[in-house]
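Could you put the whole structure together from the sequences, leaning on the hints where they help?
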Amino acid sequence: MEVYAYKCRRCGHLHYPYRMVCRNCGENEHNEFDPVPLPKRGKLLTFTVLHSLPPDFEVPTLGLAIVELTNGIRITGQLRIEEPTSGMAVRGEVEVVRTEGYDERLGMIFYEA
Amino acid sequence: MRSVYAVGIGITSFTRLEYPLSEIAAYPAMMALRDCGLSEVDHLYVANMGGGRVNHQTGLASAVVDTLSLTPAGAETIENGPASGASAIKQGFMAIASGMHDLVLVTGAERMREVNNLEATEFVATLTHPLAEYVYGVTLPSLAAMFTRLYMDKYGVTERHLAMVAVKNQNAALKNEFAHLQQPITIEGILDSPEALTNNPYVSEPLRFFDCCPVSDGGACVILASEEVARKLDRPTVRLAGVGQATDTHAVHEREEPTDLLAVRGAAEKAFNMAGLTPDDVDVAELHDAFTILEIAESEEVGFFPRGEGHLALERGETGLGGKLPINVSGGLKGRGHPVGATGVAQAHEIVHQLRGEAGERQVEGARVGLTLNFGGFGNNVVCLIFVREE
Chain A
2 MEVYAYKCRR CGHLHYPYRM VCRNCGENEH NEFDPVPLPK RGKLLTFTVL HSLPPDFEVP
62 TLGLAIVELT NGIRITGQLR IEEPTSGMAV RGEVEVVRTE GYDERLGMIF YEA
Chain B
57 MRSVYAVGIG ITSFTRLEYP LSEIAAYPAM MALRDCGLSE VDHLYVANMG GGRVNHQTGL
117 ASAVVDTLSL TPAGAETIEN GPASGASAIK QGFMAIASGM HDLVLVTGAE RMREVNNLEA
177 TEFVATLTHP LAEYVYGVTL PSLAAMFTRL YMDKYGVTER HLAMVAVKNQ NAALKNEFAH
237 LQQPITIEGI LDSPEALTNN PYVSEPLRFF DCCPVSDGGA CVILASEEVA RKLDRPTVRL
297 AGVGQATDTH AVHEREEPTD LLAVRGAAEK AFNMAGLTPD DVDVAELHDA FTILEIAESE
357 EVGFFPRGEG HLALERGETG LGGKLPINVS GGLKGRGHPV GATGVAQAHE IVHQLRGEAG
417 ERQVEGARVG LTLNFGGFGN NVVCLIFVRE E
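Heads up: the protein sequence lines correspond to chains A and B, in order.
In short: position in the first sequence from 1, add 1, done, that's my numbering.
In short: position in the second sequence from 1, add 56, done, that's my numbering.
Hints are computed from structural coordinates only; laboratory data are not their basis.
All clues given are correct.
Quick look at which bits of chain B chain A covers, simulated, 3 or more residues with Cβ under 8 Å:
| # | stretch |
| --- | --- |
| 1 | 182 to 188 |
| 2 | 202 to 211 |
| 3 | 245 to 259 |
Rough simulated footprint, nothing fancy, chain B against chain A, three-plus residues with beta-carbon under 8 Å:
| # | stretch |
| --- | --- |
| 4 | 46 to 53 |
| 5 | 93 to 107 |
Yeah, the Cβ is synthetic: ideal placement off N, Cα and C, and Gly gets one too.
As structure tokens, then:
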């Protein structure tokens, strides 16, 4: 499973998340973006351990992070590392990140590389 | 453009209020009308973020205009996240500046305590990016926490600096009878004592309980008028001289330099340009300290201090009452409370109060120019207002 970035067909600029008009060249005629799988490796830019969780989460704490991937794109995801430090190498897996009733939502979870 | 004046103000206590949302919006409006001695207006703007979701009430402006018996005046609800308040004031400004109206009532209200704290936080979290942030369990405290860690790494801000903001603003609230928090705190109690982790647990590391604003109910109102109307009223003349707004990427991780708050910088620049003033001219400011780090970062982005030096100005006491540039003498969001839709109007209320010289114990001596910064999203939609006292 993958999380996708969106590449503008006119200028090649990569966007994550999806947007309808290219941030770089303004291309807006045909919604022309190609989905490109995001790399799974990167480094930890910043992180937090959330102690006050949204009602859907039945765990004591939740690790959250912004990761800079190897192609330079950044992504927000969950973090499952005991003692994280800024700048450390991480690897991502696409897994269930949230369950809303019977609805399972997928996203990127980062582990120690 | 015509000049626009703030002629009347009113506010409720910020706390848990046991009356309907429409009345939380209407009560400060009644006070503001009494403040300027008027009984009619041309138009109302009602700022609110959560009525539909939290209180099961939509079309709030229609309820408010009727409960105030101000029909058939025009009325609209303005929703722009936590910046709804200043956005509504901006709408009022445009209506008068354009010549369309002479007298506009702007009231902001929120009733968040109808649900518990976690549900209130979850409601505010719905403003984050649905697919790239919200789905992961991202809340506003967690975005602020990740921002704080970057700021600490880059500029040497410490937990002690954050605690200093908390103590300054929460204790300032003791001089504001309408503020939510009326309990003094000390650095010892929330940071240094052996009980500090019990008194002040982590909400989202490195942010602790006392780094976050409380969840409050409350309403605030500002009445705006054209120069012609304002001159006829027997109130000090405070002009809304600058209005600026800017936006930034919806997802925080997409910002090129993640410690920049470009929408804060942009909104302030536009407001200063319109007012023909500079950051040096400001005597008193209300910044959006939903989290302690934001007061430090915003004080730099609006241009009061160089980048990375906001915490140094704080250390020198420049941002306290009696300092060179007092920030959040009302208690700010941290001490006064943060009923999201009301906050931007409450900030303007405080500045008008200060510029009139009527702020009592917390008066900034000789204040002539005041600034408010209302921060929506996590910095993706920001409105800055500049008020000037005229003689």
